[in-house]
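Here the protein sequences come in this chain order: P and W. The first sequence runs 0 to 231 under numbering that gives the first Met the number 0. The second sequence runs 0 to 293 under numbering that gives the first Met the number 0.
To be clear, the hints were calculated from the coordinates, so they are not data collected in a lab. Think of the CB as a built atom: it goes at the ideal place given N, C-alpha and C, for glycine as much as any other residue. Among these hints, one or two may not hold up.
Claimed, not checked - One side of the interface only, derived from the structure: several residues of chain W facing chain P at Cβ under 8 Å:
1) LYS179
2) THR184
3) GLY187
4) GLY189
5) ALA211
As the list claims (entries may be wrong) - These stretches of chain W come out as covered by chain P in the derived footprint (C-beta under 8 Å, 3 or more residues):
6) 44-56
7) 78-90
Stated by the list, open to error - Simulated restraints, written as ranges between beta carbons of each label pair:
8) W/SER267 to P/GLY17: 46 to 56 Å
9) W/LYS214 to P/LEU125: 52 to 62 Å
10) P/ILE41 to W/LYS244: 51 to 61 Å
11) P/PRO89 to W/LYS214: 38 to 48 Å
12) P/ASN66 to W/GLY275: 54 to 64 Å
13) P/VAL75 to W/VAL37: 25 to 35 Å
14) W/PRO101 to P/GLY91: 48 to 58 Å
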Amino acid sequence: MELVWDGMVKAFELLLRGDREVLGITFLTLQVSGLATLISVIIGVPLGVFLALAVFPGRNVVVSIVNFGMGLPPVVVGLWVSIFLWRSGPLGFLNMMYTPGAIIVAQAIIASPIVTGFTIAAIGQLNHKIKLQILALGASRLQLLWLLIREARMGLIAAVIAGFGGVISEVGASMMVGGNISGYTRVLTTATVMEVSKGNFDIAIAISVILMLLAYTITFALTMLQQKDRHS
Amino acid sequence: MLKRNLVLAAVVLFGLFLAGCQSKTEKAPREAVKPPAVKDVILATTTSTQDSGLLEVLIPDFEKKTGYKVKPIAVGTGQALKMGEKGEADVLLTHAMSAEKPLVDSGVAVNYKLIMHNDFVVIGPENDPAGVKQAKDSAEASKKIAEKGSVYISRGDDSGTHKQELSIWKVAGINPKGMKWYQETGSGMGQTLNVANEKQGYTLTDRATYLAQKKNLKLVIVAQGDKALLNIYHVMQVNPEKFPKVNGAGAKAFVEYLVSPETQKIISQFGRDKYGESLFYPDAGKKAEELGKK
Numbered sequence: 000m001e002l003v004w005d006g007m008v009k010a011f012e013l014l015l016r017g018d019r020e021v022l023g024i025t026f027l028t029l030q031v032s033g034l035a036t037l038i039s040v041i042i043g044v045p046l047g048v049f050l051a052l053a054v055f056p057g058r059n060v061v062v063s064i065v066n067f068g069m070g071l072p073p074v075v076v077g078l079w080v081s082i083f084l085w086r087s088g089p090l091g092f093l094n095m096m097y098t099p100g101a102i103i104v105a106q107a108i109i110a111s112p113i114v115t116g117f118t119i120a121a122i123g124q125l126n127h128k129i130k131l132q133i134l135a136l137g138a139s140r141l142q143l144l145w146l147l148i149r150e151a152r153m154g155l156i157a158a159v160i161a162g163f164g165g166v167i168s169e170v171g172a173s174m175m176v177g178g179n180i181s182g183y184t185r186v187l188t189t190a191t192v193m194e195v196s197k198g199n200f201d202i203a204i205a206i207s208v209i210l211m212l213l214a215y216t217i218t219f220a221l222t223m224l225q226q227k228d229r230h231s
Numbered sequence: 000m001l002k003r004n005l006v007l008a009a010v011v012l013f014g015l016f017l018a019g020c021q022s023k024t025e026k027a028p029r030e031a032v033k034p035p036a037v038k039d040v041i042l043a044t045t046t047s048t049q050d051s052g053l054l055e056v057l058i059p060d061f062e063k064k065t066g067y068k069v070k071p072i073a074v075g076t077g078q079a080l081k082m083g084e085k086g087e088a089d090v091l092l093t094h095a096m097s098a099e100k101p102l103v104d105s106g107v108a109v110n111y112k113l114i115m116h117n118d119f120v121v122i123g124p125e126n127d128p129a130g131v132k133q134a135k136d137s138a139e140a141s142k143k144i145a146e147k148g149s150v151y152i153s154r155g156d157d158s159g160t161h162k163q164e165l166s167i168w169k170v171a172g173i174n175p176k177g178m179k180w181y182q183e184t185g186s187g188m189g190q191t192l193n194v195a196n197e198k199q200g201y202t203l204t205d206r207a208t209y210l211a212q213k214k215n216l217k218l219v220i221v222a223q224g225d226k227a228l229l230n231i232y233h234v235m236q237v238n239p240e241k242f243p244k245v246n247g248a249g250a251k252a253f254v255e256y257l258v259s260p261e262t263q264k265i266i267s268q269f270g271r272d273k274y275g276e277s278l279f280y281p282d283a284g285k286k287a288e289e290l291g292k293k
């Protein structure tokens, strides 16, 4: 238990001293996972709304695939993204392997089904009559979609929280496609793995504390946004 | 309200992204080094060079002197050589001569240079339940462990250390695979040391990683010193003629950097202040066959 205490002390030391390396890693983590979440929202929310409202044959199969994708193992995503991004792979000309961009791509693939799945559920549980009511009030199609999204915002913010939580905590894909390169693709999770294998358990604990603080801060902000007009 | 917030979040994230891009370009070397055409050099290497901390010393120095940007990918030697075979890396720093030779022979690897050596050591619990300390060499040590059925933790990841371990079992005439006392971690050296420590088992490790982690371990050296335990590191370029995407110039610069007298001196000094002994012995210009004939 002494180790845990040492780790806590180290975490605050690193933060207060403004350790450049740790701050850099923290900032990169926020940037990479934030952008990946943003991309997954751009893909997942419209797709989720579409799947929740559309009627077409095989819809349930598509929804089941999305729901299955919510549990995609990050290492599997990492492996497949690697195969495409390797120099010998079909997208090798992009020179993206072992860059922050590669991690963003992999994390966006991990988060998109999560955001889509939550969106389908959030829109799907709205009272069906609300759609008819909005249309009866003379709303255009775009206005209808916007109002439905507004109505389902609690569920949608839950989608963002889940997507962000999924990517900021994953290590398998980041390690594989990023390579844990110091000052370039080293994020908090891959740094933790490396410090453990170096035997620097105190630093590993410190980094994991920073990771959890970061994840909680973002989740707290999103929760505030989600809950702010609960009593209105 | 929600819309504005989302837009704001998007703008902030995009700003972060731009800021991040900026800080990358700022990292260009301060001195008047002629900037190379292709900056990125992918170095595929063994975990021991990273876990011992050697790369953290060498890479910034190399980058400062040449203006290249090295991307070290620390995997096992087996995987590093595979990356070379596929042209996914530009330069390889590995430690398994028998596995390196086919790449050199087939022309995949060129500019093959001896860099340094240290040695492997067999470590185990302080009370030495298998009596390995009495063994005259590593093969006999393995026999004693097998006879007693003491826990043995293997890397099991096709790394240089794993290849070395398997060759020792072969000399001892034992096939440990599948035995109850023989456990494979499939992970890097550092992680494997942690496992061996928890299970109080024997394992083979390079000396550098062992020394770097000794503070956490209740494991001591039980066998060392015979020739089968030499750990020899070579660097090689992946042949740019075979793989047009390989950064040949950058890889060549890295090989030249490692064999230069200044770098060799850094290698010989590395770890002395912290561990009281060198972690690696520089060997540029020597022949691998000469090593261990002191």
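Status of the hints after comparison with the structure:
no.: 1; hint: LYS179; verdict: 26 Å, violated
no.: 2; hint: THR184; verdict: 11 Å, violated
no.: 3; hint: GLY187; verdict: 5 Å, holds
no.: 4; hint: GLY189; verdict: 3 Å, holds
no.: 5; hint: ALA211; verdict: 7 Å, holds
no.: 6; hint: 44-56; verdict: holds (count 5)
no.: 7; hint: 78-90; verdict: holds (count 3)
no.: 8; hint: W/SER267 to P/GLY17: 46 to 56 Å; verdict: 35 Å, violated
no.: 9; hint: W/LYS214 to P/LEU125: 52 to 62 Å; verdict: 58 Å, holds
no.: 10; hint: P/ILE41 to W/LYS244: 51 to 61 Å; verdict: 31 Å, violated
no.: 11; hint: P/PRO89 to W/LYS214: 38 to 48 Å; verdict: 46 Å, holds
no.: 12; hint: P/ASN66 to W/GLY275: 54 to 64 Å; verdict: 58 Å, holds
no.: 13; hint: P/VAL75 to W/VAL37: 25 to 35 Å; verdict: 31 Å, holds
no.: 14; hint: W/PRO101 to P/GLY91: 48 to 58 Å; verdict: 24 Å, violated
Hint compliance for this structure: hints 1, 2, 8, 10 and 14 are broken, all remaining hints hold.
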